[in-house]
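There are 2 protein chains.
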Amino acid sequence: MSTTLSSDADYAGLLDRYDVFMFDCDGVLWQGDELIDGAVEVLALLRRRKKQIVFVTNNATKSRKTYKKKFDHLGVEAHVDEIYGSAFASAVYISSVIKLPKDKKVFVIGMEGMEEELRDEGISYIGGTDPEDCTFEPLSLTEFKPDPSVGAVICGLDTHMTYRKLSKAFQYLTRNPECHFLASNEDSTYPVAGGRLLGAGAISAPLRFALGKDPISIGKPATTMLDCIKAKIDFDPKRTIMIGDRLNTDILFGQNGGLATLLVLTGITSEADISGPNASPIVPDFVTRSIGDLRVLETLN
Amino acid sequence: MSTTLSSDADYAGLLDRYDVFMFDCDGVLWQGDELIDGAVEVLALLRRRKKQIVFVTNNATKSRKTYKKKFDHLGVEAHVDEIYGSAFASAVYISSVIKLPKDKKVFVIGMEGMEEELRDEGISYIGGTDPEDCTFEPLSLTEFKPDPSVGAVICGLDTHMTYRKLSKAFQYLTRNPECHFLASNEDSTYPVAGGRLLGAGAISAPLRFALGKDPISIGKPATTMLDCIKAKIDFDPKRTIMIGDRLNTDILFGQNGGLATLLVLTGITSEADISGPNASPIVPDFVTRSIGDLRVLETLN
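Residue numbers (the working numbering), protein chains in the order written: chain Z, 1 to 301; chain D, 1 to 301.
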C-alpha cells in the first residue's frame with residue numbers, strides 16, 4: 001500500500017532518504033503550457049539542499065536542447081545535461097548498446113528532435129522529416145531500392161507519419177537481416193490541451209501488427225532509459241526517487257529500476273486509479289496531490 | 001488432412017458436390033496484373049455447368065464497380081452483383097446489422113472505394129479523402145469541434161492515412177457514446193509486385209493500440225462477409241466451396257461459414273505452410289496447385 005504524504009515529517013523524510021530526484025515533466029511540473037503551482041519553488045528548494053535533479057521524459061519529438069526551451073519559457077531552472085528524453089535515450093541505445101557500426105544507418109519514423117539526437121550521437125539516418133518520405137506518393141516496390149546499410153528502424157511520435165514511410169520501414173524490417181525494431185516509447189496516448197492524442201506506441205503499432213512482433217522500447221517504463229541515465233550519472237538507486245503522474249510509465253519505470261516512487265495526482269492518474277475496486281496493480285511507494293505540496297519543506301528546519 | 005486433387009475423379013467430384021463456387025481473386029485468378037494460366041477457361045466452364053460464381057475480396061480500396069474494371073481489363077467475365085468486396089460488406093454491415101440511424105454519420109479512414117460503397121448504401125460519412133483530413137496540419141483539440149452525429153468509425157486500407165485522421169477517429173471513439181469501431185478487414189499485409197505492403201489491419205492498428213481494443217472486422221475470415229452474401233444470394237453452405245490462396249483469411253472464412261475449402265498454391269501459401277513440422281493448424285479440405293488444374297474438367301464427360 002502507498003503512503004499518502006501528509007505530515008511535515010512525511011515530507012521531511014523524503015529529504016533525508018533521497019539524494020537524487022527524478023522528475024517526469026508533463027503532468028508533474030506543468031500541464032501543457034501551464035506550470036503546476038509551486039513546482040518552481042520546490043525544484044529550487046531541492047537544489048539548495050544539494051539534491052541531484054534529473055528530468056525524464058518520454059517526449060521523443062524534441063531534442064534535449066529544444067526541450068530545455070520549454071523549461072526556459074516556463075521559468076523553470078534546468079540544464080541540458082539534466083534532461084533525459086526518449087529521443088536522446090534512443091540515440092544512446094543505438095550507439096552504446098546495439099553499437100550500430102558507423103557504416104550502418106537508422107531509418108527514422110519520427111520528427112526533428114529524434115534526428116537531432118541521432119546526429120549529436122554521430123548516427124547516420126534516413127527517412128524522418130525527408131520530404132521524399134512525407135508524401136502520399138505510392139511506394140512502388142519494383143522501383144524501390146532499399147538501402148542495404150539500414151540496420152535499425154526507430155519509431156517515435158511522428159505527426160507526419162505516412163503510409164509510404166511505414167511501408168519503407170516494413171521493407172527494411174523484413175528484408176535487411178537483423179534489422180533492429182525500436183520504439184522511443186510505448187505510450188498509447190499523451191495529454192494535450194483539450195484531451196488526448198495518439199502517442200508513440202500508436203505510431204509503431206502498424207509495424208507491430210504487420211510483423212507480429214513488438215519493438216524494443218527505450219523510454220519509460222523500460223530500464224533502457226535508466227541505463228542511459230546510469231551511463232552519464234553516478235547514483236545509488238536506493239537513494240533515488242522517481243516522481244511522476246503515470247502508473248504504467250513513471251511509477252513502473254521507478255519500480256523496474258529499484259527506485260522509490262512518488263505519484264502526483266496533477267496528471268493522468270486520479271484517486272480512483274489507486275484505490276477502490278478498479279485500482280491498478282502498480283502501487284507507488286508514496287502519493288501526494290501535487291509536487292507543490294513539497295513547499296511545506298520551506299518552513300521546516 | 002487435406003485431399004490433394006490429382007485424378008480426373010477428384011476434379012469431377014467438385015462439380016458433383018458443389019453448386020456455388022466462391023473465389024478469392026488475387027493469388028487465385030491473377031497475381032497483381034497477370035492472369036493465372038487457365039483461370040478464364042475454368043470460370044467459363046463452371047458457368048456452362050450452371051454453377052453460381054461469387055468473387056469475395058478483402059480489397060477495401062475499390063468499390064465493386066471499380067473492381068469490376070479489373071476483371072474487364074484482364075478479360076475475365078464477372079458481374080457487379082457477383083463481386084463482394086470488404087468495402088461493400090462494410091457498408092451493408094453498417095446499414096443492415098448495426099442499422100445506423102439515417103441522421104448518423106460514419107467517420108472514414110479509407111479511400112474512394114469505401115466512400116462509394118457507403119454512398120450507394122445511403123450512408124453519410126466524413127473524413128476519408130476529404131483534403132481537410134489528408135494533411136499534416138496538427139489537430140488542435142481546443143479548436144476541434146467533433147461532429148456529435150458520428151456513430152461509427154470504419155478503417156480500411158488508406159494510403160493517405162494521416163496522424164490527423166487517426167486522431168480525429170480516436171476522438172470519436174472515445175467521446176461519442178457507443179461509437180462503433182469497425183475495420184474492413186484485418187489483413188496485416190497484402191501482396192504487390194515486388195513484395196508486400198501494409199494491409200488494412202495495420203491501418204487500424206494505431207487505434208487498436210490506443211483504445212486497447214479490437215475493431216469488429218467485416219472481411220474474411222469473419223462470417224460478417226458471408227452474412228452479407230447470404231443477404232443477397234440464396235445458397236446451401238453444404239453445396240458451396242470457397243477457393244483461396246490464404247489459410248488465415250480465405251480458408252478460415254470458408255470453415256467459419258461451414259463451406260468446403262480448396263487451397264491453391266499460386267498465391268501467398270506455399271507447400272511448406274501446409275505440410276511438415278511448421279504446417280498451419282488451418283487445414284483446407286482440398287489442395288490443388290492452381291485453379292488452372294480444373295481445366296481437366298473440359299475433357300471429362
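Since the hints were made in silico from the structure, they are not lab data. Check the hints yourself; a few may be wrong.
What the hints assert, rightly or not - As a list, the in silico DSS-like pairs of lysine-lysine whose alpha-carbon atoms are at most 30 Å apart:
{"id": "1", "chain 1": "Z", "residue 1": "Lys213", "chain 2": "D", "residue 2": "Lys51"}
{"id": "2", "chain 1": "D", "residue 1": "Lys70", "chain 2": "Z", "residue 2": "Lys70"}
{"id": "3", "chain 1": "Z", "residue 1": "Lys65", "chain 2": "Z", "residue 2": "Lys230"}
{"id": "4", "chain 1": "Z", "residue 1": "Lys145", "chain 2": "D", "residue 2": "Lys145"}
{"id": "5", "chain 1": "Z", "residue 1": "Lys213", "chain 2": "Z", "residue 2": "Lys50"}
{"id": "6", "chain 1": "Z", "residue 1": "Lys68", "chain 2": "Z", "residue 2": "Lys213"}
{"id": "7", "chain 1": "D", "residue 1": "Lys69", "chain 2": "D", "residue 2": "Lys232"}
{"id": "8", "chain 1": "D", "residue 1": "Lys213", "chain 2": "D", "residue 2": "Lys230"}
{"id": "9", "chain 1": "D", "residue 1": "Lys70", "chain 2": "D", "residue 2": "Lys232"}
Now the hints, each set against the structure:
no. : hint                : result
1   : Z/Lys213 / D/Lys51  : violated, 43 Å
2   : D/Lys70 / Z/Lys70   : violated, 54 Å
3   : Z/Lys65 / Z/Lys230  : holds, 20 Å
4   : Z/Lys145 / D/Lys145 : violated, 43 Å
5   : Z/Lys213 / Z/Lys50  : violated, 44 Å
6   : Z/Lys68 / Z/Lys213  : violated, 34 Å
7   : D/Lys69 / D/Lys232  : holds, 22 Å
8   : D/Lys213 / D/Lys230 : holds, 28 Å
9   : D/Lys70 / D/Lys232  : holds, 22 Å
Going through the hint list in order, the structure does not satisfy hints 1, 2, 4, 5 and 6.
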